[in-house]
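The lines below spell out each chain.
There are 2 protein chains.
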Amino acid sequence: MKKILVVDDEENIRNLITLYLQKSGFEVIQAADGEEALALFEKEKPHLIVLDLMLPYIDGITIAKRIRNYSNVPILMLTARAEENDRIKGLELGADDYVVKPFSPREVVARVKSLLRRSYPDEQIIKVKDIKIYPKEMRVTKNGKEIAFTVKEFKLLMLLSAHPGKVFSREQIMDAIYTDYDEVVFDRTIDAYIKNIRKKLGDNPKNPEYIESVYGAGYRFKGDKNK
Amino acid sequence: MKKILVVDDEENIRNLITLYLQKSGFEVIQAADGEEALALFEKEKPHLIVLDLMLPYIDGITIAKRIRNYSNVPILMLTARAEENDRIKGLELGADDYVVKPFSPREVVARVKSLLRRSYPDEQIIKVKDIKIYPKEMRVTKNGKEIAFTVKEFKLLMLLSAHPGKVFSREQIMDAIYTDYDEVVFDRTIDAYIKNIRKKLGDNPKNPEYIESVYGAGYRFKGDKNK
DNA sequence: TTCAAATATCACATTTCTATCACATTTTTT
DNA sequence: AAAAAATGTGATAGAAATGTGATATTTGAA
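Line order of the protein sequences matches chains A and B. FYI, in this note's numbering the residues of the first sequence are 1 to 227. FYI, in this note's numbering the residues of the second sequence are 1 to 227.
Hint data in this document are derived by calculation from the structure and do not stem from the laboratory. Errors might be hidden in some of the hints.
What the hints assert, rightly or not - Below are the DSBU-like pairs computed for lysine-lysine, each with C-alpha atoms no more than 30 Å apart in a straight line:
{"no.": "1", "chain 1": "A", "residue 1": "K43", "chain 2": "B", "residue 2": "K132"}
{"no.": "2", "chain 1": "B", "residue 1": "K132", "chain 2": "A", "residue 2": "K222"}
{"no.": "3", "chain 1": "B", "residue 1": "K127", "chain 2": "B", "residue 2": "K195"}
{"no.": "4", "chain 1": "A", "residue 1": "K45", "chain 2": "B", "residue 2": "K152"}
{"no.": "5", "chain 1": "B", "residue 1": "K195", "chain 2": "A", "residue 2": "K45"}
{"no.": "6", "chain 1": "A", "residue 1": "K222", "chain 2": "B", "residue 2": "K101"}
{"no.": "7", "chain 1": "A", "residue 1": "K43", "chain 2": "B", "residue 2": "K23"}
{"no.": "8", "chain 1": "B", "residue 1": "K113", "chain 2": "A", "residue 2": "K43"}
{"no.": "9", "chain 1": "A", "residue 1": "K65", "chain 2": "B", "residue 2": "K195"}
{"no.": "10", "chain 1": "A", "residue 1": "K206", "chain 2": "B", "residue 2": "K206"}
{"no.": "11", "chain 1": "A", "residue 1": "K127", "chain 2": "A", "residue 2": "K101"}
{"no.": "12", "chain 1": "A", "residue 1": "K142", "chain 2": "A", "residue 2": "K129"}
{"no.": "13", "chain 1": "A", "residue 1": "K127", "chain 2": "B", "residue 2": "K152"}
{"no.": "14", "chain 1": "A", "residue 1": "K65", "chain 2": "B", "residue 2": "K142"}
{"no.": "15", "chain 1": "A", "residue 1": "K222", "chain 2": "B", "residue 2": "K65"}
{"no.": "16", "chain 1": "B", "residue 1": "K113", "chain 2": "A", "residue 2": "K155"}
{"no.": "17", "chain 1": "B", "residue 1": "K152", "chain 2": "A", "residue 2": "K206"}
{"no.": "18", "chain 1": "B", "residue 1": "K45", "chain 2": "A", "residue 2": "K155"}
{"no.": "19", "chain 1": "A", "residue 1": "K65", "chain 2": "A", "residue 2": "K142"}
{"no.": "20", "chain 1": "B", "residue 1": "K136", "chain 2": "A", "residue 2": "K222"}
{"no.": "21", "chain 1": "B", "residue 1": "K65", "chain 2": "A", "residue 2": "K127"}
{"no.": "22", "chain 1": "B", "residue 1": "K65", "chain 2": "A", "residue 2": "K45"}
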């Protein structure tokens, strides 16, 4: 089942939301402030975050931005007044939503469900150009035609395609692909995987349609976050 | 690159962790006991501390608390058993994390990276005049049109543009661009990079729009810090 | 165990970048 | 104004990074 991180400094509100979410079958973890939230997020990797924007020490918007630096997890923001919307809009409000106080726990649960549905469609299919990636089924199609990928190739493709535009170093890629801590792999192995993936996608390194090489830095899935 | 202080009285463990961290591109300094750690911390100002809690003379928790008196540097604690967690919780575990022994060096490296990511969030997009710099994507656009930069050029442009108005000496620039320490580079190499960057940005040294030369001092990105 | 698929490495070709030089030009100093 | 010092810049050798087919090694299923 989906795991949800609830961040609110008021214990009563936190518990209330937690209770209702649990009743709906979610696994819930809690954080009382921003630092704790960031720590728990990294450790537990929840599927969604319910985030109060009024927090002590570090405010909620800042937390949201920091998380956005390395994750696209959907965030449901709890905001005190409508005026805050301007600041919320400063965020890339793609995968997010917000609820204005005072709210009923039921409303929060409803929004959570809606957000989850939106963010994790039965399979969170990644579509780029003419290829589609089906995470749950570990399948990739190009123009509707299936292409067979191995586990490692698939993970690598997932990583890059989920963050178009972002440059990943070989080391970052290794960290993401190899779950085992002690596994030490030669740098260039990544290149070999890239080669295989490109071959399967029919991509040409000289003029890539999907995966670009960034000399001296790593690889990057083609695409622009700033458009 | 990030500097990490490793504190452990056992030389073998210290060296093992150091080795793995260095392999991941970190600069590492070592301390064998608490006194040394505190001294080195003040002197070297590391970005993160890997701290064994079992230390001779002064124990690790005490060290951590002392450091917390005047710094929020993230600390990764190495703890012997789970029971110690109670004492760790006595600390404000905000920006910190811990690993329970026995641990693999890889796990330590992974935690270090995670902590650093949390503690030093990615730089924001830099916008100056008609150019935008995207650190994560290693991309530069001018009027929305992408311009290809090499790693060195990119780093140099990042450095200058992040501090408009500030003059950087060639030496300062070299320190920022070259991670490897024994790399000694000829002064004038910087000039050559400046030349390349200017060319790509369409900048004219005689009447620069972006990078000014400061005779006898270095280079400066045009602009004012106070606005 | 055996075998095939997946994974990891290697070696060599190719591409791209780096660092430097030499000479021109500009700025400062004398 | 001449000399000295600093900067601008095109060219380039060599270093470094990447592309890739072939090969070794591991894994997992039968």
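How the hints compare with the structure:
no.	hint	verdict
1	A:K43 <-> B:K132	33 Å, violated
2	B:K132 <-> A:K222	18 Å, holds
3	B:K127 <-> B:K195	21 Å, holds
4	A:K45 <-> B:K152	35 Å, violated
5	B:K195 <-> A:K45	46 Å, violated
6	A:K222 <-> B:K101	42 Å, violated
7	A:K43 <-> B:K23	24 Å, holds
8	B:K113 <-> A:K43	13 Å, holds
9	A:K65 <-> B:K195	36 Å, violated
10	A:K206 <-> B:K206	36 Å, violated
11	A:K127 <-> A:K101	36 Å, violated
12	A:K142 <-> A:K129	9 Å, holds
13	A:K127 <-> B:K152	34 Å, violated
14	A:K65 <-> B:K142	25 Å, holds
15	A:K222 <-> B:K65	46 Å, violated
16	B:K113 <-> A:K155	20 Å, holds
17	B:K152 <-> A:K206	22 Å, holds
18	B:K45 <-> A:K155	37 Å, violated
19	A:K65 <-> A:K142	34 Å, violated
20	B:K136 <-> A:K222	14 Å, holds
21	B:K65 <-> A:K127	49 Å, violated
22	B:K65 <-> A:K45	29 Å, holds
In this structure, the earlier hints numbered 1, 4, 5, 6, 9, 10, 11, 13, 15, 18, 19, 21 are contradicted, and the remaining ones agree with it.
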